[in-house]
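Okay, so the sequence shown: first residue is 30 according to my numbering, each after it adds one.
No lab work stands behind these hints, which were simulated from the structure alone. Cβ atoms here follow ideal geometry from the backbone N, Cα and C, with glycine treated the same way. Where hints are given, some of them may not hold.
Said to hold, decoys possible - Capping the alpha-carbon separation at 27 Å, the derived lysine-lysine pairs in DSSO-like fashion look like this:
(1) Lys111 with Lys211
(2) Lys44 with Lys117
(3) Lys236 with Lys111
Claimed, not checked - FRET-style restraints, in silico, Cβ to Cβ:
(4) Leu79 with Gly285: 37 to 45 Å
(5) Phe155 with Cys49: 46 to 54 Å
(6) Arg233 with Asp81: 17 to 25 Å
(7) Pro284 with Asn231: 35 to 43 Å
(8) Ile270 with Glu92: 40 to 48 Å
(9) Gly106 with Asp69: 34 to 42 Å
(10) Ser86 with Arg260: 23 to 31 Å
(11) Asn281 with Phe155: 50 to 58 Å
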Amino acid sequence: MLVCHPRSKTVKPLKPYCQCWNKKVPVLWVDRGACGCGEDDNVIEWGWDLPDSSRASRVVVSEDRKQVTFHPFFSTGTAAVKGVVPMKLNYHYYWEVKILSETYGTDIMVGLATDRINTEDSQFRFTSLLGSDGESYGFSYTGAVRHDDVSSRDSSGFCRGSIVGVRLDMWHGTLEFFVNRKPLPLYLYHVLVSVPGGMFYNLRRHKELYPMVCSTAAQSSMRLIYADSWRASLLVDAAKILTASVKNFKKNLPPGLRYTCRTRFWLTLPSEVCEDDEPESIESLDVGSYLTTNVRLATGMKRRHWQLR
Numbered sequence: 030m031l032v033c034h035p036r037s038k039t040v041k042p043l044k045p046y047c048q049c050w051n052k053k054v055p056v057l058w059v060d061r062g063a064c065g066c067g068e069d070d071n072v073i074e075w076g077w078d079l080p081d082s083s084r085a086s087r088v089v090v091s092e093d094r095k096q097v098t099f100h101p102f103f104s105t106g107t108a109a110v111k112g113v114v115p116m117k118l119n120y121h122y123y124w125e126v127k128i129l130s131e132t133y134g135t136d137i138m139v140g141l142a143t144d145r146i147n148t149e150d151s152q153f154r155f156t157s158l159l160g161s162d163g164e165s166y167g168f169s170y171t172g173a174v175r176h177d178d179v180s181s182r183d184s185s186g187f188c189r190g191s192i193v194g195v196r197l198d199m200w201h202g203t204l205e206f207f208v209n210r211k212p213l214p215l216y217l218y219h220v221l222v223s224v225p226g227g228m229f230y231n232l233r234r235h236k237e238l239y240p241m242v243c244s245t246a247a248q249s250s251m252r253l254i255y256a257d258s259w260r261a262s263l264l265v266d267a268a269k270i271l272t273a274s275v276k277n278f279k280k281n282l283p284p285g286l287r288y289t290c291r292t293r294f295w296l297t298l299p300s301e302v303c304e305d306d307e308p309e310s311i312e313s314l315d316v317g318s319y320l321t322t323n324v325r326l327a328t329g330m331k332r333r334h335w336q337l338r
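All chains should be modelled from the sequences, with the hints used to inform the complete structure.
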């Protein structure tokens, strides 16, 4: 059964990642993607699956398999596309998409699903596909986080110009969503599952998961800008603890670990940011101080993000 929760009065307004999207100028779907902000690291381990002939009129994937456009002419239902590489047990994964078009309509979603998800029945229905069953997890532009047909709506969601991140830990079996490299509040996940520290849990019951995006909106488009993975190891746990506890970690960590934290920034992204310490804008964000920021649990107590487990 779908359970809808009203948005919190403290939900902040939607903002793009950078200033490139402030002008409300119509752009043809074939010309989108000029903004390169937040795309400094050219790490793309996988791409989107090319649609077969039956889906060619609903999904268009670029030659480099990074950009996907849904319903390039008009919409008749829900179109979806998944990544070509499955995400397996005992690895950490992080990937990001940049939203290139206005968000509207029934739903535009970013998430994960198993290979058992049914996309055929939604081809001619306008629906929130990801999270509609136990085989998928989805984050909507409306702010809803969905799984197994249960939904929470206490986030501001995302808009044109936003960067939506997905961090999947297939060692501990957890899943988190990020907007403009800031985590969603932990209480969102508490609505869906009751587990200390929030987040989706027990994803290890899935042998494999695929990255997936879907949309009902005509000429909606997004681009894969980052896709990385790292095998679960002591190095990952050490990076999380040290970057959360060592002041100015860029200079004080050992060279090898410092390089890892710099090139794979997502390993040490916090699970939740304390609102009092949140920067005013993306441009003013100092990565070093941001990663060592204290986080607030649902109880109101402050702890480092590595202490949540």
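Here is how each hint holds up against the structure:
no.	hint	in the structure
1	Lys111 with Lys211	24 Å, holds
2	Lys44 with Lys117	33 Å, violated
3	Lys236 with Lys111	16 Å, holds
4	Leu79 with Gly285: 37 to 45 Å	38 Å, holds
5	Phe155 with Cys49: 46 to 54 Å	30 Å, violated
6	Arg233 with Asp81: 17 to 25 Å	31 Å, violated
7	Pro284 with Asn231: 35 to 43 Å	37 Å, holds
8	Ile270 with Glu92: 40 to 48 Å	42 Å, holds
9	Gly106 with Asp69: 34 to 42 Å	37 Å, holds
10	Ser86 with Arg260: 23 to 31 Å	40 Å, violated
11	Asn281 with Phe155: 50 to 58 Å	52 Å, holds
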